[in-house]
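Visitor: Spelled out, the chains give:
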Amino acid sequence: MNFDVIIIGAGAAGNAAAITLAKGGAKVLQIERGKFPGEKNLMGGIIYSSSLEELVPDFWKNAPIERPITEQNYWVSDKKTVTKLGYSDDAFKAKTEAPAHAYTVLRSEFDKWMAGEAKKHGAMLLPATVVLDLIVEEGKVVGVVTDRPNGEIRAPLVISGEGVNAFVSWKRNFGNKPKPDEVALVVKEVIELPEDVIEDRFQISANEGASYEIFGDITKGCLGYAFLYTNRKTVSIGVGSLVADFANNEIASYELLEHVKNHKSIKPFLKGGKTIEYAGHLIPEGGYKKLPTLVADGFLMTGDAALMVNAVHREGSNFAFVSGRLAGEVALEAIKNKDFSSNFLNAYRKKLEDSFILKDLRSYEDVFPFFRKRRDILNDYPQLISYAAKSLLTVDGTPKGKKKKNMVKGVLKMKSPAQIVKDLYNLLKVLGK
Amino acid sequence: MKDSSDKKNSVTETVSIEDKLFTINYDHNHETHITCIGDPKEWEVLNPLQWTCPAKVYTKNQDSGNLDIDFENCIECGTCQILCPDHILWVYPKGGYGIRNRCG
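Residue numbers (the numbering used here), protein chains in the order written: chain W, 1 to 433; chain G, 1001 to 1104.
Each statement offered as a hint is correct.
Among the chain W residues that face chain G by a calculated CB cut under 8 Å, a handful are:
hint, residue
1, R33
2, N41
3, L42
4, N165
5, P178
6, V183
7, V190
8, V243
9, F246
10, A247
11, I251
12, A252
13, E277
14, A279
Quick caveat, the hints were computed from the structure, so don't treat them as lab data.
Just so it is clear, CB atoms sit at the ideal spot from N, CA and C, and this is done for glycine as well.
Working from the sequences, and respecting the hints, build out all of it.
Guide: So this is what it looks like as structure tokens:
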């Protein structure tokens, strides 16, 4: 059988490309290493409706989504204290004939559904098959080598949706294996609780959900954060940090996860729950500076394989959906014009540049290097915030005027005014780009 | 060689990693997908894998002093080949085998 395009992977990016191409009438072969799409995949995880609607307009009617995220919480933890900030908005809720802003999903079911959408439009899926290499002839990618007997399959275009461990791309020097401080390890548990208990504890109704991201002391000095998301009948709890930090700080990720689960502000949410699955996954955080070759003759890279993640804003699945869709759109044009040269396919890079994807990656390019260099900011400032809150909120007979003065004095003892101004300036400089 | 139990930053563990791994659905073909490359004498550099691998695949054998690799624990994250690219050859298990996330 002849194919126009081979897509490596049936994750968020691969499925987005497959749906776009199959809808456009291309002959698509999608190769997935799991027995079913989704069974190798994992995220926190939240999807954003806008990026999925472009692929499956009424997805919320059939997709296995868990809960809309209508309330977002950010906590800063110090050794014994927590400072909490939350944002709840009815605008995030689903409306008649319109989805909510974002939903929690469990990727195993979700990816199976999404690959099914591609299949519905005519994409062919080859599961339980690992792609081992690309076939490259005269500098052009012309197919893949799989772990099946006589496993060569040819097509004039290959799209990589391999995910974070992009072995096939790395083998051909389309991108490099990331360094330990360019990739985060996230471990997570899915904990089962009755639906009404979840709604009571998180103070949400049936069509609402909440997300919590917790920074500071909770990660024991590792650069990263913990998270807690509500699903329908489960909650997802996890923690992530750079692989380098787990290694250098001699902290086991699964023990840090226990520390998170037993944190005094988190434990009450989980009480009586039963862990139904533990899992771990990597997130590529190299960012714009480390972007791989996105385009080559007969080859396009999408999603995690192409480092399309904005970790600061926990965004990855939307980057995967959009990059997969854009790769699919360019591939359809390439098929129509019978031109698979990198010259023609460069339209993909142009589309990425015009979209939020490369704009966001470029504007955040200095943020991770900044925090990697200045881990002290994530250690010292939570202490400072905690101290300030405690000084102001303790009622002990001290007049408020004196309290405020004491607070400022105490804060300035922890960090000099010059240092605070300098840190703020640098932070705003990298964030404001 | 340091054991994972004498790490300097041990945090309280209430659910063991063994119990966590017990919740995972695997389909094994009993063929290893993890190989150490190079001279075993240089494997000291692999020590951090004992606590960095999230599935406790790597443990020091108390009798032989060698590193044991329980590849059947592997949750296929790829941390080991990121951390020790020159010493660990980690590939995907054969198509259809390995972890099978029910939630993901």
